[in-house]
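Build the full structure now, drawing on both the sequences and the hints.
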Amino acid sequence: MIRLHPIPDARHTCPYCRTGLQVEDWYIPGMRSLADLRCPQCSRRFFGDLPAGHGLYYPMLLDASTGVVHDDQSVPWFARILRDSYALRIDKPLGFDVEEFGRLQQPVLLNCLDSCYGHSLLKLLNAQYYLDNHPDTELVVLVPRFLRWMVPKGVASIWTVEVPLRQASQWNDWIAAEVRRRVEPIGQCWLSIALGLPHPQDFSIERFTGVRPFPIAEWVDRLVRPTVTFIWREDRAWDKPPVAGRTDGLLRRARRRLLLNVRDQARRVVRVATAIREAFPEVDFAVAGLGERIRLPPWIADLRVKDVNEQVERSWCERYSRSHVVVGVHGSNMLLPSAHAGSVVELVPPDRWGSLIQDILLIPEESRQTMCRYRFIPVNSSAATAAEVVVALLRHLPSALVNFSKASCDHTVLQSDPWLSARLHQEIVEQRRRP
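In the numbering used here, the protein residues as written are 1 to 435.
Treat the hints as calculated values from the structure; they're not laboratory data. For every residue, glycine included, the Cβ atom is placed at its ideal position computed from N, Cα and C. The reader is advised that the hints may include incorrect statements.
Said to hold, decoys possible - Estimated spans, in silico, between C-beta atoms of each pair:
id	residue 1	residue 2	range
1	R18	I186	30 to 40 Å
2	E162	S399	47 to 57 Å
3	Q311	I7	19 to 29 Å
4	W353	D264	31 to 41 Å
5	I7	K92	23 to 33 Å
6	K92	D264	33 to 43 Å
7	R180	G67	21 to 31 Å
8	E430	S382	28 to 38 Å
Spelled out as structure tokens, the structure:
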């Protein structure tokens, strides 16, 4: 954590004078946590990212008079958000609910506002680090409404903002004033660095969703009815790139193309389910996610909805936790499924290989076991290929986890018990034989 109030911890250099900027104040108009800065030489005023959230990795500097963003890290998408939000800044009142569970004296503010669902969720997962490692910390969580249900017990206060996901990146002076109004009377406040990619050992998803992940030790017993869930999304369909248009005509064609993508995805999902069903006739196959355009065969459980709420997300998490395997296209939609399911098969678009695993919440274990449980294949893979990977996981994952366990590779352990691995494999065989 870093100091936020009264004067934040920040270190920026004037892009014109190459002089260290003076830190005068702080400003949180939404997803951005900023330092208010001034150059002692040229007197220009700037807003600079504080080391929190993505500002921890890609700190930007915005010239307050011109709106020009200085991006030394060359991260166009993050620079664009700052530039556009400042150019279109608003002062719009929003719902702002405050829940307090004690008196605040030197709180730590965790800002989880973001226009990307996955970014918001990943920031929220930082809460457990403070609750477990600094239990005396007065943690204040600033969250959008859609994440309120996942805030873990033990925080000092919850500030819930009624802001739609797509608008969370807006520069809203009203939000900045509301946050300041609540921080200033406290006297001293800190800011969580809000890691964008928190370490798997620093959180347990059950603390946030209340849902216990798939019990991997019960994998074989649960093969009486193998459970597989496809994570559905329509804006990034299987084997088709996202569509976009800049004119009405292009938009109309894009919409038609999108519908074709969705239909093609539905056909692929049915083919995958059918192939898995041939190998495992008792398979429980479901589709969960946003969208209800294309009908599916009655033997596939259709859990898709048009709008998501807390009840829906909880029910989906329950489904993921019963799933041996979840399958889906790379994106924020894979965070909760990967955190709860026994294993993952992810379809990766060509432009997402550089972001691999950023959308996966890994369960901490031996590295080779991790490689067995989380599989990544190109998004243009055929339904047959995807089904082969799923079937292989269902059949062989328990044996692989035994082979790659620490105990099975430990000379000292095997010196005293050389038949350990054989016994573990025999247990798997006996589990398969049980009625």
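Broken hints, by number: 3 and 4
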